[in-house]
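Enquirer: Sequences are here, hints too, so could you generate the full structure?
Chains as they are written, first to last, in the numbering used here: chain A, 366 to 686; chain B, 366 to 686.
By construction, these hints were calculated from the structure, which means they are not laboratory data. Mixed in with the good hints there might be a few duds.
A pair counts as met if it fits within one copy or between any two copies, since identical chains are not told apart.
Straight-line distance between alpha carbons at most 27 Å, and here's what the computed DSS-like set of lysine-lysine pairs gives [said to hold, decoys possible]: (1) K684 x K671; (2) K685 x K671; (3) K684 x K430; (4) K652 x K534.
Values in this document were obtained by computation on a predicted structure and should not be read as measured data.
Protein chains: 2
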Amino acid sequence: MTTTTNPLNEKSGMVPKDAKVTVIGAGVIGISWAGLFLANGLKVTVNDVRPDLEESTLKGLNELKPSLQALGYQIDHLESGLSFEKDLAKALEGADYVQENGPENIQFKQNLYVNIEAGLKSGALVLSSSSGIPATVFAEKMKDPSRVLVGHPFNPPHLIPLVEIVPGKQTSEAAISDAKSFYAALGKKPVVINKEVPGFVANRLQAAIFRECVYLVSEEVVRMESLDDIVSNSIGLRWAAAGPFKTFTLGGGPGGFSHFLEHFGPGLEQLWQVLGSPHFDKTTVDKLVEQETRAYGQVLYEDLQKERDNQQLAIMAAKKQ
Amino acid sequence: MTTTTNPLNEKSGMVPKDAKVTVIGAGVIGISWAGLFLANGLKVTVNDVRPDLEESTLKGLNELKPSLQALGYQIDHLESGLSFEKDLAKALEGADYVQENGPENIQFKQNLYVNIEAGLKSGALVLSSSSGIPATVFAEKMKDPSRVLVGHPFNPPHLIPLVEIVPGKQTSEAAISDAKSFYAALGKKPVVINKEVPGFVANRLQAAIFRECVYLVSEEVVRMESLDDIVSNSIGLRWAAAGPFKTFTLGGGPGGFSHFLEHFGPGLEQLWQVLGSPHFDKTTVDKLVEQETRAYGQVLYEDLQKERDNQQLAIMAAKKQ
Numbered sequence: 366m367t368t369t370t371n372p373l374n375e376k377s378g379m380v381p382k383d384a385k386v387t388v389i390g391a392g393v394i395g396i397s398w399a400g401l402f403l404a405n406g407l408k409v410t411v412n413d414v415r416p417d418l419e420e421s422t423l424k425g426l427n428e429l430k431p432s433l434q435a436l437g438y439q440i441d442h443l444e445s446g447l448s449f450e451k452d453l454a455k456a457l458e459g460a461d462y463v464q465e466n467g468p469e470n471i472q473f474k475q476n477l478y479v480n481i482e483a484g485l486k487s488g489a490l491v492l493s494s495s496s497g498i499p500a501t502v503f504a505e506k507m508k509d510p511s512r513v514l515v516g517h518p519f520n521p522p523h524l525i526p527l528v529e530i531v532p533g534k535q536t537s538e539a540a541i542s543d544a545k546s547f548y549a550a551l552g553k554k555p556v557v558i559n560k561e562v563p564g565f566v567a568n569r570l571q572a573a574i575f576r577e578c579v580y581l582v583s584e585e586v587v588r589m590e591s592l593d594d595i596v597s598n599s600i601g602l603r604w605a606a607a608g609p610f611k612t613f614t615l616g617g618g619p620g621g622f623s624h625f626l627e628h629f630g631p632g633l634e635q636l637w638q639v640l641g642s643p644h645f646d647k648t649t650v651d652k653l654v655e656q657e658t659r660a661y662g663q664v665l666y667e668d669l670q671k672e673r674d675n676q677q678l679a680i681m682a683a684k685k686q
Numbered sequence: 366m367t368t369t370t371n372p373l374n375e376k377s378g379m380v381p382k383d384a385k386v387t388v389i390g391a392g393v394i395g396i397s398w399a400g401l402f403l404a405n406g407l408k409v410t411v412n413d414v415r416p417d418l419e420e421s422t423l424k425g426l427n428e429l430k431p432s433l434q435a436l437g438y439q440i441d442h443l444e445s446g447l448s449f450e451k452d453l454a455k456a457l458e459g460a461d462y463v464q465e466n467g468p469e470n471i472q473f474k475q476n477l478y479v480n481i482e483a484g485l486k487s488g489a490l491v492l493s494s495s496s497g498i499p500a501t502v503f504a505e506k507m508k509d510p511s512r513v514l515v516g517h518p519f520n521p522p523h524l525i526p527l528v529e530i531v532p533g534k535q536t537s538e539a540a541i542s543d544a545k546s547f548y549a550a551l552g553k554k555p556v557v558i559n560k561e562v563p564g565f566v567a568n569r570l571q572a573a574i575f576r577e578c579v580y581l582v583s584e585e586v587v588r589m590e591s592l593d594d595i596v597s598n599s600i601g602l603r604w605a606a607a608g609p610f611k612t613f614t615l616g617g618g619p620g621g622f623s624h625f626l627e628h629f630g631p632g633l634e635q636l637w638q639v640l641g642s643p644h645f646d647k648t649t650v651d652k653l654v655e656q657e658t659r660a661y662g663q664v665l666y667e668d669l670q671k672e673r674d675n676q677q678l679a680i681m682a683a684k685k686q
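Expert: Here you go:
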């Protein structure tokens, strides 16, 4: 597995000042990535056809600064490595890495990747923030998709550690390894997914628990804010420290996971039989929105977000101890 | 709603030294509750027919001490308020509160509650750690079950804040309110569940996400330790700070939850269609245990637990900031 094309690896996990990243798409995700790359000292070119590209990117970066600072980054000269380029071919000149954040549209993405390939220097690594369309599909029209794969962040990318690395059928082992090294050097937690299933892993798990959340609230088993309190004072706390399997392995005592399965497996299977299957029909949506308004509607969005982000940063700092 | 029978309320959330709790059942859960009650200065009588009652309880309490200390409790004279009584009627003498941790067996529990009623002073509050049998069922043979309800902890009770308060059909409003005050005065986070559904709320949510965890690992979409890393670096972190509804409300931006549902509801419903329905058949269990052995089998149970508990305590301290 060669990593010579990856400047991050050559410096043993340190991020070199001379690496260049092209960020395609200056929406919320793209700007968050750009902020993280800049904070790590990379040269960043942001590419988007939007007319207010500079203005909106600079505004977005300013909003990230408190979080980046809380994460330990210097933010005084954050924009010094930043440039803008509306022309894709020019934006890609000299890029070592591409982080693509285009719309989730197969046709659009397939054309985009043909154009990316045309402008790319040999050996560059192309990563997509795609949360739905897999690399095997969006890279289908490329001549050589071996260095193209999904690097799917958990929103917002500059804050939450997880990046799901989802290779396509044509992605090389070296590219997978380079993607892991790249994100790890930026302080992220890259995790490789072996199959291109819909929703990858984090969003599937989120969907699975949220289905039951919607069911329990719409059936009036529990109020919305009570359900949120339940999660953040039990399973959320637990899983911030150790994932579900590690938790249940410990739940089995010294006998471990097989002991856990023996004793609690039948009870879990019984619960699986009675979990709900709700739909977002009008009655359900109305009930949820009514409860949400009562639970969180009195607090300004900005205040609710700031409170959550501060707690998030404190929890992340505690985890690193 | 009168709370005069509740000595904790009379001191506005402070725990009075003279309140007495009878802990029925000296298994892991009962001992953990006893430790928390003692640390809060309550008088605790532990009741169980096991021949090694004193020895095993004292051993268990010793094991809790580092966590109790980390939570900020004085542990030097933890056992000074502790007594043992194998006879139920004697154990209940003078009790203001009962926390029952008997086996999950309907017949056994129904008989137990008849005996509890016979020995109980008027106005005492009876709380059950039951995770499965609801109060309406286990209190069915009592003459007056109005002050009986479920206070279901998330294991271990002395450490994890959540207590699910699940009233039975006959439970009075005053008893619900007293139960909330009691647990809140002990530093717990009591949350009321409105309906006695199987698994209450936390265990249902845990079952819902774990079903998909089992599916994804058994289908080899992702390795077990990778899945654990995904959860503890994304949704676990998030939900420790804010529950699923609050998270998705913020995910909707200034437009809030209805904006979120409009944009992401259809995608969630699509994912619901493709989530897995695994069973703990031999093939699945063998695969899970094989992966668990590879992921966590090399580390001593005690070390894995200590690492997790330390991180847990650090995260909880961060949340309180």
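Enquirer: Under a CA distance limit of 27 Å, which applies to K685 and K671: within one copy, between copies, both, or neither?
Expert: Answer is both; intra-copy 21 Å and inter-copy 16 Å each pass.
Enquirer: Cα distance capped at 27 Å. Does K652 pair with K534 within a copy, between copies, both, or neither?
Expert: between (43 Å within a copy, 24 Å between copies)
Enquirer: For K684 vs K430, is the C-alpha pair at or below 27 Å within one copy, between two copies, both, or neither?
Expert: both (22 Å within a copy, 22 Å between copies)
Enquirer: With identical chains, the pair K684 and K671 could be close in the same copy or across copies; at 27 Å between alpha carbons, which is it: within, between, both, or neither?
Expert: both (20 Å within a copy, 14 Å between copies)
Hint compliance for this structure: no hint is broken.
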